[in-house]
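With chain A's structure known, arrange chains B, C and D on it following the hints.
Protein chains in written order, with my numbering: chain A, 1 to 228; chain B, 1 to 681; chain C, 1 to 313; chain D, 1 to 500.
Think of the hints as simulated: they come from the structure by calculation, not from any bench. Mixed in with the good hints there might be a few duds.
[To be verified] So the derived list for chain D, only partly shown, Cβ under 10 Å to chain A, looks like this:
id	residue
1	Gly96
2	Val97
3	Phe152
4	Met155
5	Glu160
6	Thr161
7	Ala165
8	Lys168
9	Val175
10	Leu177
11	Thr184
12	Tyr188
13	Thr219
14	Glu250
15	Lys310
Quantities reported herein were computed from a predicted structural model and do not represent experimental measurements. Don't be surprised by glycine CBs; every beta carbon is placed ideally from N, CA and C.
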Amino acid sequence: MTFLQDPEFGDRIITLMAALVLVLQIAAVGQRWLVSSIRIYSLQSFLLAAIAGIIAYFNHASHIYIAALLTLILKAGLLPWLLERLVKKIKIRREIEPLINAPLSILISGCLTLVGYVVAQSFYHQEETSVRAALGHNTLAVAIALFLIGFFTMLNRRKALTQVLGLLSLENGLFLAAISLTYGMPLIVELGIFFDVLVAVMILGILVFRIREAFDSMDVSKLRKLRE
Amino acid sequence: MNTLPVGPTFTLSLAAYLTGALASLATWRKPALCRYICCGSALAGAIFGGFAAVFGILQSTPVRWSVSSGIPFFSYSFDYDALASFFNLTLAILAGAVSIYSLSYLKEFEGKRNIGFFGFLFHLLLLSLAIVFTAANAFLFLIGWEVMALVSYGLVAFYHEDRETRRAGLLYIVMAHVDAGCLLLGFALLMQVSGSAEFASFRSAALQLSSGQQAIAFLLFFSCFGIKAGVIPFHIWLPAAHPVAPSNISALLSGIVLKAGIYGMARIFLDGLGVLPSWAGLLVLIVGVASAVLGVLYALMEHDLKRLLAYHSIENIGIILIGLGAALVFRAAGHPQLAAVALIAALFHTLNHAIFKCLLFLGAGSVLHSTRSRNMEELGGLIRTMPVTAFCFLIGAVAISGLPPLNGFVSEWLTYQSLLAGFGATGGLTRILFPLAGSMLALTGALAAACFVKAFGITFLALPRSAESRSAHEAPRSMLVGMGCLTVACVALGLGATWFLPMFHALTEQLLGTRVGANLITAHGWVLSTGTPHGGLVSTAAIAIALLFLLIPAVFLVSITGRQFARKRGPAWDCGLPGLSEENEYTATAFSKALRMIFSVLYQPRREIQAVFDVSPYFPKAIHFESEIEPTFEKRLYEPLKDLLLRIATRMRAIQAGSIHAYLAYIFITLVLLLLFGVRP
Amino acid sequence: MTSLLAKSGLQLILVLLVAPFLSGIIKTLKARLQNRRGPNILQFYRDIFKLFRKGMVIPGTASWIFSATPYIVFVTAALVGLMIPMTATDAPLSLFGGVLAVVYLLALGRFFQALGGLDAGSSFGGLGSSREMTISAIAEPAMMLAIFTVALAASSTNLSEMAKVAVSQSWKFLAPSQMLAFAALFIVLIAETGRIPVDNPATHLELTMIHEAMILEYSGPYLALIEYGASIKQLVLMTLVVNTFFPFGLSSSWTMRGLGLGLVFYLIKMLLLSCLIVLVETTNAKLRLFRVPELLMVSFIFGALALISTFLF
Amino acid sequence: MILLWLLIVPLVAGPLAFFLRKRSGMEVVNLAAFAVLLGLAAALAARVLRSGPVPLWNGFFYADALSSLVVLLTSFVALVCSIYAVGYFRHDERNGVFQEGEELGGGRAVNKLREYYALTPLFVFSMILVALANNLGILWVAIEGTTLASVFLVMFYGRETSLEAAWKYAIIGGVGLSMALFGTILIYYSAHLSLGTDTLAGLNWSVLVGNAAQFDKPTMRLAFILILLGYGTKAGIAPMHTWKPDAYSEAPIPGAAMLATGVLNCSLYGLVRFYILSSRCLGPGFASHLLILFGLLSMGVAVPFVLVQKNFRRMLAYSSIDHSGIMVLALGFGGALGVLGMLLHMTFHAITKPLLFFCAGNAQQQLKTDLFPEAKGGLINSMPLTGAAFLMVTLAITGAPPFSLFLSEFIILRAGFSRGYFLLGALFITFLVAIFSGFLIHIANLVLGPDQGLPPAENCRWKESSVAGLALVIIVMGFWIPAPLFRLIQGAVEIVTSGR
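So that you can see chain A by itself, here it is in the shape it has in the complex (with noise of 0.2 Å):
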């Protein structure tokens, strides 16, 4: 039970979960059922806390404990909750056809990882070739990747729902980022960050549900009145 103890077997467990993020994410672009996206968003944030408890529990970095029960609670568990309780409210199962469709979607979404990669490259540090610095810029490049995939599902579906999801996983992007990079942010400007994303999730709830009662859908690409 040596190997407990090694932090380089944490960073390759850190690794191979954070691909593993990364695969969910891909297969987030291509699902059309609300609810099954909501439930690999909050998989998604399952492993997340995973790996902070992980980090945590290599470096004893006692504090990033409470992120990761944070994550746990939050975005694995409360919102997901809440989402699924729209979903049902506003009477929508299905996202409607993608502006860009599933496969092209997919490929794109696989160019965008190799993009995270691509930026990431120039973090690499010949100097420093231990695990950690490899670490350093895999998980960078997977959280780019993340970020840049979650974008790309807010702009291509027309759901506001989605578009909220799309949102959360470019959050879930950042938070890998923050705590496998610096193993962590201080406490208090994480605490302010998961309060911040709560209230946001809460508004755009609300405008989610406004505007389906104002617009009898929920297809955003429907508002169009304020142009020039």
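Same frame as chain A, now just chains B, C and D:
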């Protein structure tokens, strides 16, 4: 006599303008009082300003003073040198005359319009002009310049109810802002070299200017001041804006605000940019010729009295630029003497044009005031109902046509002389340009004469063409006094030119480092020469006296021989056609017909005639004739430009089509691009 | 001062006497050339005298401009007559102004004549003044250009200077520039004096007349003054042409015999010039109004060529 | 301590207003709170001028010249807007504007007012927090806070269009801010690489700026790009500007005015803080090129929309896009002159812009429309004061002398020239002239013209006093800048150029 209080008196005049502005704004609820305050304070300011200018001319050394302000680059620094005092003198004369004129002109505003606001703008205009003519700090100059533009916009758009006025005002302010932009760039360039905003530093920095910088700066300043002075092809705002303003303001706009452009050119080209290459001078000269000829040609086709005058401003600005350009060329060729003559010609014409154009606009103003019409086709016969106005207008017309013995003749004569000298002074093919320019100047003069025969003849002579002009009445006294002062000035500057011109010695000495040879004035101050031994001579005073002398034999012949038969008044013979009435009078359109045909290449005239018959085609009941000429520059140059801009703008509005996906895509693409290309060092 | 007065008095008399004579001569010559007997050479004097002794009718529609015009026309013409060298190189009033002043004084007269034409309100007057101003306007550049060419040779616009220079180098007129300038100025002369092919002084057809239409409303002494002024103007312009291009016999001083000799030469030269004018008048038909610009354009081209040739040769 | 008060006052005022029952009570609370706030801000500025930066809680909060300038401007805007808001909402209430949004959750008038009067102090609170936070993470949180507070302002009227605007604002703002957060994280990472793991202080600007020089350069580059895009989104720099016209034209006038000045300043403030770090780490070149690019792009994007515009509220939005472009451009030109130009521009813009919004608001409430074609001109006949002020402030905002924005634009031009950007300077002036023309033509046609027979409508002293007073301030500022304010700005310039 170095102790003349130039600074204090000038400051007093500024103070008078400022207090006038605030006071008239404060008293706007009592129109009559406000009117008196407005005109009184303006007159006081003009008098102080006039004294300051005279002092400045008398003591030939510049007076400089400066007050710092908390703002970077910006100091209230003034330089009251010969040039400044000359332009301030012009300003003072016009301001005085106009404020006298306005006293009863503004009476018709009472109850209808806000005299207080008018007075506010009026005073600010005078104030900003005084500052522009005196500022020695680029930033102060810019502020004065732009305030001048904004205030004149307010005055141009004063009758903002009708659409034409609003459009004219907007055209004016947009052009004015474009020229402010050029000015800004030019000054920024100079400041870049000199490191300071003071004109004095520009002078010293001019030597460090590379020829490229000098050329760019010249072009920037020339386009700026050209727009302000309304030279072709930047003139389009002028005939639109000047006529629609209240007439006393039109007088100021044409009389002095245009001259701000001339002042700028004189100040910057002769003082700020070092010695400019001769191509610059030639450019100014050519633009001047074009403006002169085209200006008068367009004026000939106008039947709106005020717009006609506005086009004549373009012409006269052209004449001024001819002199200025010649001065620049001579300076570049190293003939300061000739340059001095040419500069004197230009500046003296500036003063003359200021005076007689102001006079003519005031005359047109009182015609408008009593007949409510600017259209010459509805006027006529006013010489009987408003004799004094007619006389003043006639004097102005003779003067602007450059006929002896009035002031217009003197300055045009000087211009001719400098052009003639130019042939000898320059080499190569450019020397041909000078005589050609001279002949074009001659054409301009003759056409101007034709145009004013039309303007005066159709407006004031023969029979009234409408009920309004039949029931016209002479203008109230103060308006007549205002015009009278300017009339006297026209005559005085014409006959007394030889006594007046020496005031330019200090100016040429300051700007060109030389004074025209002592024999600028010869024969005991009676004869004006060009300073060269064999050059031309002229003496307007002598001509006037000789004319009076020769009147004796003429009168003698008529009165002696034709005594026994009384001179009777009868109906006009008119080739024996009975019943002369306004229907079969000659019209302005008809008068300009011949020239319209001759220059049809330029005008592209279009006309349509519809005759209404009732019995037979040989007896038309009514004939509707309408003819118009094509405004070439507006149609060929500015319209397409505007359309292009608007079309592009309309295309670009597709960016903001309301789709949030598009909006997100913009950000996304920017992000990805920056990530791919921005991160690498 | 006294000498100045004496000189000007002398030349004034000369002008007043010679001008009608010249007009008469031209009329007669023209008639002869057309195989008519034509009027007596002194007819013009008689007309003037007769007109002076008649009464006049002033249109009721006219203002003081109408009455002031004849005086101004006459006076300006007379003054110009004193500012040009006729028999001696230095004109009595040459100090008052050079050729530019001459041209502009004539323009002053024209200005008021056009106003006088408009003043009566009859459409003929307006028509006349419109045409007069138009033609003079388009004649102006050509004239100025030709004058410049001469003035540049003398490097002065002072007529006496120009005459002196011309006398000093009296064969200079053979230079191409001078010939071209002469041609240009001659055309302008035709236009300015209102002769065929530009205007027909003898006609009163409203379609063709220019100068006559302007003065249609004048009668009696006023008409006399205007006619007199017109003939003086003609004399002045012809003298200008003659003495600047062919300065033979111009006496350099105001001595008796110098003047006598100068006068003889002067009259001969004028005679020759008027012959030339008459020749042109009889051999040409009057142009349509809108063809006149072309003629003047030709003269402008001559002037430009003259100018260019001055600095080529 | 004073910093704490600055934060507490608005934080208390919000809930207090929420629990009040009568409208007048809420108004009083707001007015009083913001008046006090302005006083505190002035005191803070004086203190900073007297005795350097003011830290609190060992540098968790931190106020130097730059931040106290922003606090001052924010509280000034807040006070002016709250004065105007009183008159504005009373007019709305009288004309039953709130009822129309009812079925979309508009709710009763008093509730709507409560919503406004309770939210505004929180909004202001988060803006003040932006300026005072030393920790870059907290800075981010605060800016996100401004977004969340202002979303409610945007959907205040509860019309369909305001929902749409709010949605776009929320989504685009959210994305932008997450970019900014990513940037912040990366800054922390690069600091972390050089400083070693560190807890709270690791994100304190005052700590980072000291040793920004040895940060990891590639990370810094990436971070700055993300920050630029992120806070640029909030500042409305093209191409992230697209939410602005919608949000500005839907929010109630006072809210919109605060968005256009307060939020703009705050996000630019954040940008400046990071600019300092990056230019100390990478040298000025990298940042300034990006900034110049985006600045000119924003100005250029604003031009056509101002030239061809039907809706005057949207036009104001494009003007603010133009101005944020100008400020970013000035920062890009850099050097003491450029930064001075930027901060002066920020100040003058914050003073001038609200008046423009107020005049537009009066016009809209009088004409019952915000479209030029329907307005048909002639406003000055029924509202002389507003009309005159509208023309004046149009000239002022487009940078015509003698108004103060001309000064800052002139300085910016000089800065550009002194860095050798002659063509860019010319382009800058060209854009300014174009914007001026478009703006003036539209506004002049709205204000001038024959009387449309509307009843004279200037009878609310709250609206009139705020308009007249602000106009007076603007005129005075054209000729004279208070010396302390100028010293404060120079101090801020010092901070940006030398980092302390």
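Should the hint that Ala165 (chain D) touches chain A count as held when the rule is a Cβ pair under 10 Å?
Since chain A brings a Cβ to about 6 Å from Ala165 (chain D), closer than 10 Å, the hint holds.
Supplied contact hint for Thr184 (chain D), tested at 10 Å Cβ to chain A
OK, holds: Thr184 (chain D) within 10 Å of chain A, min 8 Å.
Interface hint check: Gly96 (chain D), Cβ to nearest Cβ on chain A, cutoff 10 Å. Holds or violated?
violated (20 Å)
Is the interface hint for Val175 (chain D) satisfied, with its Cβ closer than 10 Å to some Cβ of chain A?
holds (6 Å)
Grab the minimum C-beta distance from Thr219 (chain D) to chain A and call the hint holds if it beats 10 Å, violated otherwise.
Interface hint status for Thr219 (chain D): holds (6 Å vs cutoff 10 Å).
Proposed interface contact between Phe152 (chain D) and chain A, which counts if any beta carbon pair is under 10 Å
holds (8 Å)
Checking hints one by one. Is Val97 (chain D) an interface residue toward chain A, by the C-beta closer than 10 Å rule?
violated (18 Å)
Just to be careful: measuring from the Cβ of Leu177 (chain D) to every Cβ in chain A, is the smallest value less than 10 Å?
Holds, about 8 Å.
Lys168 (chain D) as an interface hint toward chain A, with CB separation required under 10 Å:
At 7 Å from the nearest chain A Cβ, Lys168 (chain D) passes the 10 Å test, so the hint holds.
Taking the closest Cβ pair, is Lys310 (chain D) under 10 Å from chain A?
holds (8 Å)
Would you settle whether the hint for Glu160 (chain D) is holds or violated, based on the nearest Cβ-Cβ distance to chain A being less than 10 Å?
holds (5 Å)
Chain A contact restraint on Thr161 (chain D) - CB to CB distance below 10 Å
holds (5 Å)
Comparing the model with each numbered hint stated earlier shows that hints 1 and 2 do not hold.
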